[in-house]
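**Student:** Make a model of the complete structure from these sequences and hints.
Number of protein chains: 2
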Amino acid sequence: MFQFELLHANKEGSARRGRLRLSHGLVETPIFMPVGTQATVKALSSEDLYEIGAGIILSNTYHLYLRPGAELIAKAHGLHGFMNWKGGILTDSGGFQVFSLSPLRQITDEGVYFNSHIDGSKHFLTPEKVMEIEQQLGADIAMCFDECAPYPCSYEEAEKAVERTTRWAERCLKTHYREDQALFGIVQGNVFPELREKSARDLIALDFPGYGIGGLSVGEPKKEMYATLELMDAILPQEKPRYLMGVGAPEDLLEGVIRGVDMFDCVLPTRLARHGSAYTREGRITVRNAVYAEDFGALDPSCSCCVCQNYSRAYIRHLIKAGEILAHRLLSYHNVYFLTKIMEEIRKAIEEDRFMTYYQEFLDKYKL
Amino acid sequence: MFQFELLHANKEGSARRGRLRLSHGLVETPIFMPVGTQATVKALSSEDLYEIGAGIILSNTYHLYLRPGAELIAKAHGLHGFMNWKGGILTDSGGFQVFSLSPLRQITDEGVYFNSHIDGSKHFLTPEKVMEIEQQLGADIAMCFDECAPYPCSYEEAEKAVERTTRWAERCLKTHYREDQALFGIVQGNVFPELREKSARDLIALDFPGYGIGGLSVGEPKKEMYATLELMDAILPQEKPRYLMGVGAPEDLLEGVIRGVDMFDCVLPTRLARHGSAYTREGRITVRNAVYAEDFGALDPSCSCCVCQNYSRAYIRHLIKAGEILAHRLLSYHNVYFLTKIMEEIRKAIEEDRFMTYYQEFLDKYKL
Chain A
47 MFQFELLHAN
57 KEGSARRGRL
67 RLSHGLVETP
77 IFMPVGTQAT
87 VKALSSEDLY
97 EIGAGIILSN
107 TYHLYLRPGA
117 ELIAKAHGLH
127 GFMNWKGGIL
137 TDSGGFQVFS
147 LSPLRQITDE
157 GVYFNSHIDG
167 SKHFLTPEKV
177 MEIEQQLGAD
187 IAMCFDECAP
197 YPCSYEEAEK
207 AVERTTRWAE
217 RCLKTHYRED
227 QALFGIVQGN
237 VFPELREKSA
247 RDLIALDFPG
257 YGIGGLSVGE
267 PKKEMYATLE
277 LMDAILPQEK
287 PRYLMGVGAP
297 EDLLEGVIRG
307 VDMFDCVLPT
317 RLARHGSAYT
327 REGRITVRNA
337 VYAEDFGALD
347 PSCSCCVCQN
357 YSRAYIRHLI
367 KAGEILAHRL
377 LSYHNVYFLT
387 KIMEEIRKAI
397 EEDRFMTYYQ
407 EFLDKYKL
Chain B
47 MFQFELLHAN
57 KEGSARRGRL
67 RLSHGLVETP
77 IFMPVGTQAT
87 VKALSSEDLY
97 EIGAGIILSN
107 TYHLYLRPGA
117 ELIAKAHGLH
127 GFMNWKGGIL
137 TDSGGFQVFS
147 LSPLRQITDE
157 GVYFNSHIDG
167 SKHFLTPEKV
177 MEIEQQLGAD
187 IAMCFDECAP
197 YPCSYEEAEK
207 AVERTTRWAE
217 RCLKTHYRED
227 QALFGIVQGN
237 VFPELREKSA
247 RDLIALDFPG
257 YGIGGLSVGE
267 PKKEMYATLE
277 LMDAILPQEK
287 PRYLMGVGAP
297 EDLLEGVIRG
307 VDMFDCVLPT
317 RLARHGSAYT
327 REGRITVRNA
337 VYAEDFGALD
347 PSCSCCVCQN
357 YSRAYIRHLI
367 KAGEILAHRL
377 LSYHNVYFLT
387 KIMEEIRKAI
397 EEDRFMTYYQ
407 EFLDKYKL
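Those protein sequences? They're chains A and B, same order as listed.
Here this note's numbering is used: the first residue of the first sequence is 47, the next is one more, and so on.
Here this note's numbering is used: the first residue of the second sequence is 47, the next is one more, and so on.
Simulated from the structure, these hints should not be mistaken for lab results.
For clarity, every value in this text was computed on a predicted model and none was experimentally measured.
Don't take every hint at face value.
Which copy? The list can't say, so a pair holds if one copy fits it or any two copies do.
Within a straight-line C-alpha distance of at most 25 Å, the following computed SDA-like cross-link-like pairs (lysine to any residue) qualify [to be verified]:
no., residue 1, residue 2
1, Lys132, Cys352
2, Lys132, Glu97
3, Lys367, Gly329
4, Lys394, Thr332
**Tutor:** Okay, structure coming up:
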């Protein structure tokens, strides 16, 4: 089952307040989805994620296909059963990972030959194969197999990727049968407006229940990303959810929402945690720095998460210096909570028609 | 504050049921203390430890002295404040670590010169200095600075260590002033009964509120350990707690309790977790093994911990293979819960005068 309901549009700008009805519960949008690449949001348990209030998480088809394999996960009643997660799950198609992680790959119209980044073994993924895998994984939302052209690339290269992405989207649709799983198309087109528009119109014609905006935040200037989002906002159907793939820095969440984006995902909060960094309302801090050695305050003094209520910067810095994995866990918890909380505030601000004020106040305070 | 109350002695054998009254709450004995070497029980939060029901944990003076330093911890209102733990804490004196971890060391009657295992820096620890550190750390129970002779060693070597341990214990007593912290003596003497007896009698004369039994489980045959414990049971005052240091395999907990031991600590449950192993009622299993790849059952099917209620062997094996730290966390939680639960059962069995039956039934089932 899948439904998207648009509850309220902010009076100014394109910010929207919506609700996804998934096979595993309701998800209020705009939403940030924490990333559980290998069927685990790094260092966090499902119980942590319930406590944080994460309604939907993302997992990676490419990684799970290679290890532990989709058949194994199907035997565990899908990803939900395997990782014991009762909320929503979205699986990306592996398209991006095949292009970014595999040391050797060859793309044909049929599919992609690549070598595993784990053991070098050879694999061939087609849109049909990816659909088989994603349906075995059994997420609430699956993404089409797409070709994500690199940045920078030529117009011709980007055009070819767009055309292939459309043909692959058609093949995905034909192979997808699970009614408890929604299949989203992915708009490509790099930073070329004509190609973005063509890709979007191709996919709109295929009538997907939702649309991913792929191939952004891959090195292009921010203004290119914003321009693309504005174009997508104008073209993509208002009544369907838009998902900005792989984007999730606090400032980008705001910039996305103001341009009509409903869904986000990003590895940043857990990756920053592993690097000893934490989000605060004033910007990111690197807790491992010596300046925090005797700072007995919370990571973010204004935060109400259980890490900020119970542990100090000095203690977490000690854990980092001592190589203790509790550091990753506490920082991951706080960082994911931080983004989840921001999205909650954003939703409330939209409901109350004061998102523009929220946007401005947040960014005035948050140092990049 | 410190009190030990003997509630019940099992009719057969020397098993005892007692209660420690510490500055941070009551602790029911016999008790297993999880080890938080660097002010963290590896991979577990304080909240986890409350949930598991750990009443008292151990931390290491040697490690904390080197990093982050006792002054810093004192500024955080001691270890309890620093790591946010409201239960009991025992700090060992660093004696064992100086001898086992430091690459270079020189022992004199005054104290021990050694090089840090972290950065090679030179340090000098005396009984007075250790007391200063332990009082800065502020645990509920502190241990005397002792000399732990290696196994095997000559009678003369062991005798020298016993004599030094007694003199150092006297110096510790003279320097120890915190009334909210109990100071325990440590019995040494290797596997020589005469030396063990001498060490115990020396320390009894100093009238400590509790006694550690040190220098065991360092390579000697089990029967030597058992014989030493029986000797200690006969000599040490009944009305004071006995703490078998560094011992905590399930079978050893039972063997200790039956010989009158009240307290245990061991890094094994969290170390085994990092090696991908879990305790079950039938013995240890190595979850990383291929045989568990499609085993969707709990780590220990009879266990009621939240890991066994929610996650499968197959999932945890996947986490291990994928290098995900959630594996350490889930295994650590279960293993610490397992030992805590056994101690709870042991206490109940003693209260009901059926410890001998419990002992036999447990060991019949538990494969070594």
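**Student:** Compare the structure with each hint and give your call.
**Tutor:** These are the hints, each one checked on the structure:
{"no.": "1", "hint": "Lys132 x Cys352", "result": "both (22 Å within a copy, 15 Å between copies)"}
{"no.": "2", "hint": "Lys132 x Glu97", "result": "both (13 Å within a copy, 22 Å between copies)"}
{"no.": "3", "hint": "Lys367 x Gly329", "result": "within (22 Å within a copy, 35 Å between copies)"}
{"no.": "4", "hint": "Lys394 x Thr332", "result": "neither (30 Å within a copy, 48 Å between copies)"}
Checked against the numbered hints above, the structure violates only hint 4.
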